[in-house]
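Asker: If you want the building blocks of each chain, they are given just below.
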Amino acid sequence: MKLPEIDLYLIAPEIILTAFGFLVLLADVFSPRTEKKGYLGILSLIGIVVAFFYTLPLIGSGKSGFEGMFTADGFALFLKVTFLIIAFITILISMGYAEREGIAFGEYYALILFSTLGMSLMASGTHLITIFLGLETMSIAIYVLAGMLREDRRSVESAFKYFLLGAFATGFLLYGIALLYGATGSLQLKEIATYIASKNLLRNPMLMISLVFLTIGFGFKIASVPFHMWTPDVYEGAPTSITAFMATGVKAAGFAALIRVFFTALPQFRPDWTSIMWLISVATMTVGNIVAISQSNIKRMLAYSSIAHAGYILVAFVAGNDIGISGILFYLMAYAFMNLGAFTCVILLGKKGEENTLITDYSGIGFKYPLLAASMTVFLLSMAGIPPLGGFMAKVYVFSAAVKEKFYWLAILGVLNSAVSVYYYLRVTVLMYFREPQREITGLQFSPASVLALIIALIGTFYMGLFPANVLSFAQKSIVGLM
Amino acid sequence: METIGTILQWLIFLGMAFTSILASVLLITRKNPIHSALFLILNFLCVAVIYLLLYSQFIAIIQVLVYAGAIVMLIVFVIMLLDLEEELRSRLKLFYSKVIGSVLAVLFLFGLIYGLVATSPTGKTGSYTAEKMSANVKAVGEALFNQYLFPFEVVSILLVVAIIGAVILSKRKLS
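The listed protein sequences derive, respectively, from chains A and B. Be aware that the first sequence starts at 8, since it is given in this note's numbering, and climbs by one per residue. Be aware that the second sequence starts at 4, since it is given in this note's numbering, and climbs by one per residue.
Chain A with its partners taken away, still in its complex shape (with noise of 0.2 Å):
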């Protein structure tokens, strides 16, 4: 009997996450019952950075491990290295937050890194076993940390809403997962793409049922429309910073994954998939930007946002060539500062028992807490995708990828629903700078920690405007051997 090869290196970054998501379950069983549980997360922040470290020797390795189900790509290893930054940051907003808004649990950043893992497990799977896994882990700890606040009804709601469409759309994604194994006899990515090259599959009912199935799984897990109906309602009321963590980081991986599965997997089903992509892209952008500019709640607004953003991410998915995917690799780590950037501004302006979620309270901020507002601004401005920031480096490359690819209509419809975007970005930007305040918002508090991820958001976005060649060289030697 032969044993099966064991490279842990290669999976050193997922050890060290788990290691230190125990860790600091132990430290908080043994630590005395306060509601301050700050240390826990500096516990976890280490963790991100060691894990960290142990990523970046891996890259341009290109290994792959434990008979095919793994792999530490340059795909894999961006994502990776967007899903730690998207951790850190998340971490550092929730010290000051958990702490305000009394959630007293430690098992709260021991929850991020778990599905910070089942993250990396998703961008790193080449099985659909450990994607599926990946995914479970993720979204279990999602469906937990948002509802977190148990005394408010609206997260506790979130919370539930979540994990019911989210166990009906792991349901179809399972399904679709059961297909390709009848039809093919393998759940490796590459092995199924031999098989359907070699057998000739492509009028198969079944691997069509399957390709459909597989488009509503993971297209409830990056919000497109017509599956992003729970988007706005969890936003909402899931913590602040866990909202943020959704709309980044969840979202990062359901495409890491759905591009890994489409692209490696069903290579000859393009033609297919492509025309069902253009139309979910271009009703994902339109809904989202339309709906967005009637809403009243900054966190509502920001949700319906990150749905339009998932359809402008799309369009690079439709055009499917090496700028299309580098650019959506630049994009979810450029969309990944500007947004965590805009929730730690949300949560910023809040304090306990009065989270100041409208729209309207932030008229008049802009010179009462000037820095704030202006970071805020910032991050508004780069979603809108004006320059020189770093959202509108990414929206370049999406939509030039499409041009290039001939999908003329898409890319305009694009630029348009872009257009749109603009009013609903600025309007908050007018409120805070050209409007009198309506109520008094007094002794906000700002931890240090927040405001050390307010500048990393910041220099984050500002460098991918001003300085995108390195990511993008990076994120270009990344998908090397994807496709």
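Read the hints as simulated data drawn from the structure, not as lab findings. Just so you know, these numbers come straight off a predicted model, no measurement behind them. Mixed in with the good hints, there may be bad ones.
The following label-pair restraints were derived from C-beta to C-beta distances [said to hold, decoys possible]: (1) A/233 with B/56: 47 to 53 Å; (2) A/159 with B/69: 34 to 40 Å; (3) B/25 with A/159: 51 to 57 Å; (4) B/118 with A/286: 31 to 37 Å; (5) B/165 with A/375: 42 to 48 Å; (6) B/100 with A/361: 47 to 53 Å.
Some chain B residues flagged as far from chain A (calculated, every beta-carbon gap over 12 Å) [said to hold, decoys possible]: (7) 18; (8) 54; (9) 55; (10) 62; (11) 65; (12) 73; (13) 84; (14) 101; (15) 108; (16) 109; (17) 113; (18) 114; (19) 119; (20) 139.
C-beta: ideal position from N, C-alpha, C; glycine also.
Since the structure of chain A is already known, use the hints to place chain B on it.
Answerer: Structure of chain B alone, referenced to chain A:
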């Protein structure tokens, strides 16, 4: 010896087959849902024995553990959480659902018979002998700890996350 073994197998099969049919008839005709759940367990156990007669030990064990164990447990939990008295007192008008249900059940039966007689669903033919099938627990174990070692380990983390989640969401508030 050979014939006695075969006759014994037939007797066990017939016993189990008729018990399971009887159990499923009782399952859908009892008024008390707890009794229905108990007959469901009986049905699952009989089917598990039939799997054993087909030399599929692994599926038989899973049938007992997952279906007779975990799933019936869930069903009983749900029954206990609901208000049964209310349900029993109110005379539900089930006529239409009974008719539709019977039609669907008969259709399903014909579908199954057709599926078994007309096609070989797995595409594999041949007899399932004891020699061929007796190693299937071993085969599953080897696949689990060799080829599927990595997902197997990930499942453990997934379960830990689920347990932590259940504990947090049901924990009493810190005072």
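Asker: Each hint needs a verdict: does it hold in this structure or not?
Answerer: These are the hints, each one checked on the structure:
{"no.": "1", "hint": "A/233 with B/56: 47 to 53 Å", "in the structure": "holds (48 Å)"}
{"no.": "2", "hint": "A/159 with B/69: 34 to 40 Å", "in the structure": "holds (37 Å)"}
{"no.": "3", "hint": "B/25 with A/159: 51 to 57 Å", "in the structure": "holds (52 Å)"}
{"no.": "4", "hint": "B/118 with A/286: 31 to 37 Å", "in the structure": "holds (36 Å)"}
{"no.": "5", "hint": "B/165 with A/375: 42 to 48 Å", "in the structure": "holds (45 Å)"}
{"no.": "6", "hint": "B/100 with A/361: 47 to 53 Å", "in the structure": "holds (52 Å)"}
{"no.": "7", "hint": "18", "in the structure": "holds (34 Å)"}
{"no.": "8", "hint": "54", "in the structure": "holds (21 Å)"}
{"no.": "9", "hint": "55", "in the structure": "holds (26 Å)"}
{"no.": "10", "hint": "62", "in the structure": "holds (17 Å)"}
{"no.": "11", "hint": "65", "in the structure": "holds (17 Å)"}
{"no.": "12", "hint": "73", "in the structure": "holds (17 Å)"}
{"no.": "13", "hint": "84", "in the structure": "holds (16 Å)"}
{"no.": "14", "hint": "101", "in the structure": "holds (28 Å)"}
{"no.": "15", "hint": "108", "in the structure": "holds (23 Å)"}
{"no.": "16", "hint": "109", "in the structure": "holds (26 Å)"}
{"no.": "17", "hint": "113", "in the structure": "holds (22 Å)"}
{"no.": "18", "hint": "114", "in the structure": "holds (18 Å)"}
{"no.": "19", "hint": "119", "in the structure": "holds (18 Å)"}
{"no.": "20", "hint": "139", "in the structure": "holds (17 Å)"}
In terms of the numbered hints stated before, the structure departs from none.
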